[in-house]
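Asker: Spelled out, the chains give:
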Amino acid sequence: MSNKIVSYPGREITIEEVRKGKVLESIQRVEPRYNWAAGVAISRFLVELKNGKIIGRKCSQCQRILVPPRMYCEQCYRPTDEWVEVNDTGTINTYSVSHVAADASRLKEPLVVAVVDIDGASPGMGILHLLEEVEPDPVKIHIGMKVKAVWKPKEERQGAITDIKYFRPLRGEN
Amino acid sequence: MVGTRMKRRVAIVGAGMTLFRRRMLETGKELSFEATKMALDSAGLTLNDVDSVVSGSAPDAFDGVHMKGEYLLDGMGAIGKPYQRVYVGGGTGVFTPAAGWWNVASGFSDVCLCVAEEKMSPLHPHPQYAFWSIFDQILERPLGVTLLWIFSLEMRRYMHKYGIKEEEIATVAVKNKGNAIDHPCSQLASKITVDDVMNSEPICWPVKRLDVSPPSDGAATVILASEKVAKKLTDQPVWLDGIGWTLDSTHWTNRDLAYPEYVEKAARMAYKMAGIKNPRKEIDIAEVYDPFDYKELHHMEGLQLAGKGEAAKMAVEGITQRDGELPVCPSGGLLGVGNPIAAAGMMKICEIFWQLRGEAGKRQVKKDARTGLAQAWGDLMQVGTVCVMRS
Chain F
1 MSNKIVSYPG REITIEEVRK GKVLESIQRV EPRYNWAAGV AISRFLVELK NGKIIGRKCS
61 QCQRILVPPR MYCEQCYRPT DEWVEVNDTG TINTYSVSHV AADASRLKEP LVVAVVDIDG
121 ASPGMGILHL LEEVEPDPVK IHIGMKVKAV WKPKEERQGA ITDIKYFRPL RGEN
Chain V
1 MVGTRMKRRV AIVGAGMTLF RRRMLETGKE LSFEATKMAL DSAGLTLNDV DSVVSGSAPD
61 AFDGVHMKGE YLLDGMGAIG KPYQRVYVGG GTGVFTPAAG WWNVASGFSD VCLCVAEEKM
121 SPLHPHPQYA FWSIFDQILE RPLGVTLLWI FSLEMRRYMH KYGIKEEEIA TVAVKNKGNA
181 IDHPCSQLAS KITVDDVMNS EPICWPVKRL DVSPPSDGAA TVILASEKVA KKLTDQPVWL
241 DGIGWTLDST HWTNRDLAYP EYVEKAARMA YKMAGIKNPR KEIDIAEVYD PFDYKELHHM
301 EGLQLAGKGE AAKMAVEGIT QRDGELPVCP SGGLLGVGNP IAAAGMMKIC EIFWQLRGEA
361 GKRQVKKDAR TGLAQAWGDL MQVGTVCVMR S
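Heads up: the sequence lines are chains F and V, in that order. Going by this note's numbering, the first residue of the first sequence is number 1, and it counts up by one from there. Going by this note's numbering, the first residue of the second sequence is number 1, and it counts up by one from there.
No wet-lab data here; the hints were simulated from the structure. Using N, Cα and C, we set each Cβ at its ideal position, and we do this for glycine too. Some clues are possibly wrong.
[As the list claims (entries may be wrong)] Under the rule of at most 27 Å between Cα atoms (straight-line distance), these lysine-lysine pairs were calculated in the BS3-like manner:
id : chain 1 : residue 1 : chain 2 : residue 2
1  : V       : K161      : F       : K140
2  : V       : K161      : F       : K146
3  : V       : K228      : F       : K4
4  : F       : K4        : V       : K29
5  : V       : K37       : F       : K4
6  : F       : K4        : V       : K366
7  : V       : K37       : V       : K231
8  : V       : K232      : F       : K4
9  : F       : K4        : V       : K362
10 : V       : K232      : F       : K22
11 : F       : K140      : V       : K165
12 : V       : K191      : F       : K4
13 : F       : K4        : V       : K231
[Claimed, not checked] Just the calculated beta-carbon pair ranges, DEER-fashion:
id : chain 1 : residue 1 : chain 2 : residue 2 : range
14 : V       : T250      : F       : G159      : 17 to 27 Å
15 : V       : R209      : F       : K154      : 40 to 50 Å
16 : F       : S7        : V       : G44       : 14 to 24 Å
17 : V       : M67       : F       : T89       : 12 to 22 Å
18 : V       : P125      : F       : K22       : 15 to 25 Å
19 : V       : R209      : F       : E135      : 14 to 24 Å
20 : V       : T193      : F       : K154      : 50 to 60 Å
[Claimed, not checked] Covered stretches of chain F, going by a simulated chain V footprint (3 or more residues, C-beta under 8 Å):
id : segment
21 : 72–85
22 : 97–108
Let the hints inform the model, and build the full structure from the sequences given.
Answerer: Structure below.
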C-alpha cells in the first residue's frame with residue numbers, strides 16, 4: 001500500500017460471523033464425473049503394471065529411457081522408438097511425511113510419500129508413490145535409500161498405479 | 001532472440017489493492033472493481049482513458065465459476081474493450097503485467113489495465129482441495145496426492161542437496177511475517193521466532209504450519225502506459241524494462257527439484273531485455289515468490305540473486321532484511337500479506353512500484369532502490385514469471 005493512499009477497500013467476514021450465521025450465502029454442490037482415456041503410452045504402461053512390470057519408452061536420438069513412458073520425446077520432439085522393461089527397484093530421490101489428506105483434513109496415521117528414481121530408466125526418471133514398511137519418522141528414511149515395489153496379488157491388479165501397493169526399503173537399508 | 005527488440009518503453013503509472021483476508025464479503029467482481037478504481041484514481045485516470053485490459057486469475061475450481069475471466073470482466077472495467085485472461089497457475093500475478101506489456105510495447109494500446117483477482121474461500125471443505133485436480137489423473141491422483149506433497153518433497157530435496165537446515169529456512173517466515181506488520185492489507189502479520197516455526201504443527205514434513213502462506217481472497221491492479229502517456233501523467237513512472245517467463249513439462253518427478261531451471265531461464269530473459277548483466281549487483285530490491293518459506297530461497301537462487309545453495313546463508317545473515325543489502329519481500333510476501341494466488345503475485349508488482357517511488361511508508365527499504373524485481377512461480381513445479389522494474 002502506498003503512503004499516499006489512506007484507506008483500503010475490503011470487508012472481511014469473520015469466523016465469528018460465519019458461526020453465528022450472520023452471513024447470507026448460497027451453497028451449491030457440483031458433482032461432475034470424468035472418464036479419462038489413459039492415452040497410448042500410459043495404457044500400455046498400465047497393462048504392464050497388471051503383469052507386475054514397469055516399462056519405459058526409449059528415444060534413440062537422446063538415448064533416454066523415459067518413465068513414465070511417452071510416445072514422443074519432449075526434448076528431441078520426435079516419436080520415441082521402443083518399449084523397454086525397467087526394474088521394480090529404485091532410489092529415493094526425495095520423501096516427505098504427510099499428515100494431511102487431499103482436502104487438507106488431518107490423517108489419523110501419517111503417510112510417507114516419495115519420488116522414486118526407477119532403476120533401469122535414465123537418471124532422474126522418478127515416479128511418485130507411497131513408502132511403507134518404514135516408520136513414518138524422517139530420520140529413519142534417507143535420500144539415496146534403495147527401495148523395491150510391493151505388488152498387489154496378481155488377481156487383485158486392475159491396471160492402475162495402485163497395482164504397486166507401495167515401495168519398501170530393500171533388505172539391509174533400514 | 002525472444003524479447004530483445006522492444007518496440008516501445010512501458011511504464012507502470014498506478015497501482016491499487018484490496019485487503020487480503022481468508023474470507024471476504026465482496027465478490028471477485030467487487031474486489032476487482034475496488035483495486036482497479038484505486039489504481040485509476042492514483043494515476044489520475046478514468047476508465048475512458050483505458051485502451052485494453054488484461055485479467056489474471058488462477059484455477060476456476062476455487063470460485064466454482066467457469067469462464068471466470070468473462071465473469072470478472074465488468075468488475076475489471078473491460079466491457080467493450082480488448083480483454084484477455086492469462087493463466088500460468090501461481091505464476092499468473094506476475095505474468096499478467098507481462099501480458100500487459102505486449103499490449104503497450106507493441107503499440108496496440110497506450111493504457112492497459114492489469115487486474116489480478118482471487119477468491120479462494122468459496123471452495124469447501126478447504127481451498128486446498130482444488131489443487132488435487134492439477135495432478136496426473138492416471139498416475140498421481142489415485143495415490144491421494146495433495147499440493148503440500150510436492151512442496152514438502154521439493155523442500156526436502158533442496159535441503160538435502162545443499163545441506164540446508166529447517167531452522168535456516170524458518171528465518172524467512174520470521175522475516176516476512178514480521179515485514180507484513182507494516183502492510184495495511186496483510187492477513188498474517190506477526191512477530192514470531194524460529195522456534196515458533198519449528199514447533200508449529202507438522203503438516204507434511206519438512207513443511208510445518210508456519211512455513212506456509214494462507215489461502216486468501218483479494219485483488220490487485222496496476223496500470224501500464226506507453227512512454228509518451230506516462231510522462232504526461234507522472235514525474236515518477238516506474239519502467240517495466242524486462243519481462244520473462246518459461247515453463248517446463250508437467251513431468252515434475254523427472255527433474256531435479258533442488259533447482260528451478262525454468263525460473264533461471266525466465267530471469268535471464270528479463271535481465272537481457274532490461275540490460276542487466278550482474279543481477280546480484282544491479283537488482284536493489286526483490287519481491288521473490290514465497291508461498292512457502294523455502295521457496296523464497298529456492299527462487300533467489302534461480303533468479304541468480306544467490307549462488308546455488310547459498311540463499312539460506314544470506315537470509316540468516318540478514319542481507320535480505322528490509323534494511324539489508326538486498327531486501328527481499330519487504331511487503332511481507334505471501335507468508336505475511338497473504339496468498340490470494342494471482343492477486344498475491346500482483347501485490348508484489350505493486351510493492352516494487354511503491355518502493356521505487358519511495359511511497360512505501362513504514363515498509364520503505366533503507367537503501368536507495370532504483371531497480372527492482374518481482375517474480376512468481378506455479379503450476380506443477382514448472383513455471384517462472386519475472387518482471388524487472390526501474391524508477
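Asker: Please go over all the hints and tell whether each is borne out by the structure.
Answerer: Quick rundown of the hints versus the structure:
The hinted pair formed by K161 (chain V) and K140 (chain F) meets the criterion: a straight-line CA distance of about 18 Å does not exceed 27 Å. Annotation: proposed proximity of K161 (chain V) to K146 (chain F) holds, straight-line Cα distance about 18 Å (limit 27 Å). A hinted pair counts as satisfied when its Cα atoms are at most 27 Å apart, and K228 (chain V) with K4 (chain F) qualifies at roughly 24 Å. Between K4 (chain F) and K29 (chain V) the CA atoms are separated by roughly 25 Å; this keeps the pair inside 27 Å, and the hint holds.
Restraint check: the Cα-Cα separation between K37 (chain V) and K4 (chain F) comes to about 15 Å, which is no more than 27 Å; the hinted pair holds. This hinted pair checks out: K4 (chain F) and K366 (chain V) have alpha carbons roughly 19 Å apart, not beyond 27 Å. Between K37 (chain V) and K231 (chain V), the direct Cα distance comes to roughly 21 Å. Compliance with the 27 Å bound is thereby established for this hinted pair. Our distance criterion of 27 Å between C-alpha atoms is met by K232 (chain V) and K4 (chain F), whose separation comes to about 20 Å.
The straight-line distance between the Cα atoms of K4 (chain F) and K362 (chain V) is roughly 12 Å, inside the 27 Å bound, and the hint therefore holds. Between K232 (chain V) and K22 (chain F) the alpha-carbon distance is near 48 Å, which puts this suggested pair outside the 27 Å criterion. Our distance criterion of 27 Å between C-alpha atoms is met by K140 (chain F) and K165 (chain V), whose separation comes to about 17 Å. Proximity of K191 (chain V) to K4 (chain F) is assessed by CA-CA distance (about 26 Å); at most 27 Å being required, the pair is judged to hold.
Pair hint K4 (chain F) plus K231 (chain V) holds up; C-alpha atoms about 20 Å apart against a cutoff of 27 Å. Taking 17 to 27 Å as the suggested C-beta distance range, the pair T250 (chain V) and G159 (chain F) conforms, at roughly 22 Å. A C-beta distance of roughly 43 Å is found between R209 (chain V) and K154 (chain F), which places it inside the suggested range of 40 to 50 Å. The given range of 14 to 24 Å is respected by S7 (chain F) and G44 (chain V), whose C-beta atoms sit roughly 18 Å from each other.
The hint said 12 to 22 Å for the Cβ distance between M67 (chain V) and T89 (chain F), and at roughly 47 Å that hint is violated. Take P125 (chain V) and K22 (chain F): their Cβ atoms lie about 21 Å apart, and the range 15 to 25 Å holds. Here the CB-CB span from R209 (chain V) to E135 (chain F) is close to 22 Å, well matched to the stated 14 to 24 Å. Distance hint for T193 (chain V) and K154 (chain F): a CB-CB separation of about 54 Å, consistent with the stated range 50 to 60 Å.
Counting residues of the segment 72–85 of chain F whose C-beta lies closer than 8 Å to any C-beta of chain V gives 1; at least three are required, and the coverage claim is violated. For the segment 97–108 of chain F, the proposed coverage by chain V is satisfied: 9 residues have a C-beta within less than 8 Å of a C-beta in that chain, meeting the threshold of three.
Of the numbered hints given earlier, the model fails hints 10, 17, 21; all others are met.
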